[in-house]
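These protein sequence lines map, in sequence, to chains A and B. With the numbering used here, the residue at position 260 of the first sequence is 264, and numbering never jumps. With the numbering used here, the residue at position 65 of the second sequence is 1201, and numbering never jumps.
Any given hint could turn out to be false.
[As the list claims (entries may be wrong)] Derived lysine-lysine pairs resembling PhoX-like cross-links, with alpha carbons at most 20 Å apart: (1) A:K141 - A:K123; (2) A:K9 - A:K227; (3) A:K384 - B:K1354; (4) B:K1296 - A:K405; (5) B:K1307 - B:K1296; (6) B:K1150 - A:K404; (7) B:K1152 - A:K405; (8) B:K1481 - A:K24; (9) A:K404 - B:K1221.
Hints in this document: simulated from the structure, not taken from any laboratory.
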Amino acid sequence: MEPIKAIEMKGISKEFGSIKANEDVELTVFNGEVHALLGENGAGKSTLMNMLSGIYRQDSGTVLINGKEVNFTSPKDSIAMGIGMIHQHFKLVDVMTAKENIILGSNKGVFTKTKELTKEIRAISDQYGLDVDPDKKVYNMSVGEKQTLEIIKVLYRGAKILILDEPTAVLTPQEIKRLFRIIANMRDQGCAVVIITHKLNEVMEISDRITVLRRGRTIGTVKTKEVEVGALIEMMVGKKVDLAIKKEKTKEPKKELLQVDNLSVRNNDQKLALEEISFSLYAGEILGVAGVAGSGQKEICETIAGLTRAEKGRVFFEGENILGKTPRDIIRLGIRMGFIPEDRLGMGLVGSMDIVQNLILKDYQNQPGILLKRGPCEVKAKQIVERLDIKTPSILHPVKKLSGGNIQKVLLGREIDSNPKVLITAYPVRGLDIGASYKIYDLLNDQKSKGVGVLFIGEDLDVLMDLCDRIMVFCVGKVTGVVDPDEVTKEEIGLLMTGGKEGSLS
Amino acid sequence: MNLIQISKREDLSKGKERIIRIIAVLLSLLAAGLVIAILGYNPVEVFPSMVKGAIGTEIRLQQTILKAIPLIVTSLGILVAFKMKFWNIGGEGQILMGALGASYIALNVEGLPKPLMLLLMAVAAMITGGIWAFIPAFFKAKLGVNETIFTLMLNYIAIKFVTYLQYGPWKSPESQGFPKVATFREDAVLPSLFGIHIGWLIALFLVVLVYFFINHTKKGFEICVVGESTETARYAGMNISAVIIISMLLSGGLCGLTGMIQASAVEKTLSVSLSGGYGFTAIITAWLAKLNAIAVLFVCIAFAILLQGGTYIQISMQIPAAVADMMQGIILFFVLGSEFFLQYKVTLAGKFRKAKEVA
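The shape of chain A in the complex, shown without the other chains:
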């Protein structure tokens, strides 16, 4: 007997202006299965799921839930049909307790029956093996707990179909394991679970079936057991991708460009984000930084770039201590250091300004006088557009209207243009499609061959291992090891990411 179809989406199309986010998409999810929705950024995964949760409405096509055709016009309709979506960015009220968050917006009379509610929450928690203290305030919770709370919240509202949008992005490997246990539990209880992701290893681990989207279209649905990773990539990208990144060994002798010595940094909550970090960056190498998100990657970049104040320690740039210098000092003193921040449009560039003005951003401090000179930057802008093959209508086009890959090229182009000796890059390929990512790797390799020392903060271990000469592993603000990617396995790095000390082969 075939299991019941929890979700059946047929011929779904959705346009945003001239962009077809979804075109004739088909998706079928059975009860009691974990279904992975796989695709590159911009493939239309989130659009599709947002239609299922009532945030968007399809232009054409039909949606059937448990065999019944539905027509959602608001998230309320979707919740009423037992669909619960857990967003990547949690939608919780920090100052409230778990319990208060759970009942928020569920409109069950004016007064809340606290005791009954606690009981209900306990019942749900027990049923699925979830664990959250109903009276704990959200701001006291870890990321994993918050996610659990989100899951309880949707289950409390009667969800039998769960959609998880990139659920593992912010979790530690242990928390991921726990989440997967919860998901497996829900499947066994007969729920339908859809997870949106682009991490292949997780897909292989947890899902029963996989639907791949590419450029808004369904490429196919496969059973996880019957498919190879390589085939999945081909489905995602549309062509065989040579996943090898060229890596040339650093030429001896090594020249030390950047030395970080015993650096400690506190974050806004006065917690230690970096604890007595020491490492060196040499000319002509790419030093990778691996670690669970939020282990101090942001802080190390911003501290070196002069944006964050350190509590103690020293940072030597070619032998000179630059710690305590502001970005202004660094620019004015002509310290040749480039920084590609994680938040491109929020920090690295001004979205509403054009390419020329964004070049001026790093240039004007060193212009004499009080007037702004555009001329030299216009010339430079043209050169960068040409050299990096940036697709833009003109150099006077606002950068935020460019595609993610081209935005990153503008930023990288500007930083490379100043002939840096040290280049700090935080998640430089985040959000880029595979083609654009490889272009960025090539550019970084170019810099390396010119003798630049590159600090590469990455999230994908495979890429880190392919690209970097050495990998430094962070775990909650500490360096747990510096390893040679040719001599360790991914699992060993994973162990270091969670705090294991063994295998430190610097």
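Got chain A; can you put chain B on it based on the hints?
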């Protein structure tokens, strides 16, 4: 079931943008006309007579320009702050404090040649207006205090302080008990050119100056970047506190200069009513001009026509002047409302789906 669907626009051509804006202005006139009709007047007569009242004769035109001058100068001041997304709604207070500074010089300094005297008054006005803007800027820069409430509250302090002076220590002994500050001597009054005080020259000059400042100087660039993203400003090595303080000194200084112009050339004394709501109207005009200094000039002239026309229809047709105020509100409402249609596309759902574009 929702019949209307709203989605974000990806791209909008300049031509379409212009059409939406024009429709907004036309709709606002229609709505204003409707209100006028409800009040029992004929909008077809009222509108032309407003225009006639504003630019019909030389004297009326002069009156309109007299209203445009303080509006332009104040709008430029507001613009400098708004570029930085510093919501300075303390224009009124800054105008009054500027007038106060200028008046102090006018009433207490004697024996200077007229040009020097006027220059001194202007400088004093810019300093006092600047100080009134510096206070919230300082607290915003150093402690992150909300500038909107702060600047608004400073308005009332300025108003009450000038009222106190007018009714108390600065009351002229010759005013026979009237709460009035002494009238300025001739050497403290701005001269006229072509029948209007030279404030119009100052305003034109400032339009060019502010345009140049915002677009072609480093500080202007910094102000724009801080307005777009403080993180980017930090990344680019800008001293954000300094940028906030400098631009607010400028903003307050320009508003203060309005106070000097009004005190010196129009009122010829210090009076609590001289700010005349320009500090608030300028928020509207600066915004309608999309924070472009050149556009400020034209928007302010259009608004001055509206103001003067409103005064005129009050006299000639006995229509309450509030109608003109209301029209300002209606126009702003529609133009700001049109921003929504510039950013979002409204589509009818269901079977009307194919009939797109309601805007």
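Given hint K1221 of chain B paired with K404 of chain A - CA-CA distance at most 20 Å | holds (19 Å)
20 Å Cα cutoff - pair K1307 of chain B, K1296 of chain B | Given pair K1307 of chain B, K1296 of chain B holds - Cα atoms ~15 Å apart, limit 20 Å.
Given the hint that K1296 of chain B pairs with K405 of chain A, does the C-alpha gap stay at or below 20 Å?
-> The given pair, whose Cα atoms are some 49 Å apart, is violated under the 20 Å limit.
Holds or violated: K141 of chain A with K123 of chain A, Cα cutoff 20 Å?
-> Distance of about 18 Å is within 20 Å: holds.
Is the hinted pair K1481 of chain B and K24 of chain A satisfied, with a Cα-Cα distance of at most 20 Å?
-> holds (16 Å)
K1152 of chain B paired with K405 of chain A [C-alpha distance capped at 20 Å] = holds (18 Å)
Straight-line Cα separation of K9 of chain A and K227 of chain A no greater than 20 Å?
-> holds (16 Å)
Assess, step by step, whether the Cα of K1150 of chain B is no farther than 20 Å from the Cα of K404 of chain A, and give holds or violated.
-> Within the cut-off at roughly 17 Å; holds.
Taken at face value, is the distance from the CA of K1354 of chain B to the CA of K384 of chain A at most 20 Å?
-> holds (19 Å)
Checked against the numbered hints given earlier, this structure breaks only hint 4.
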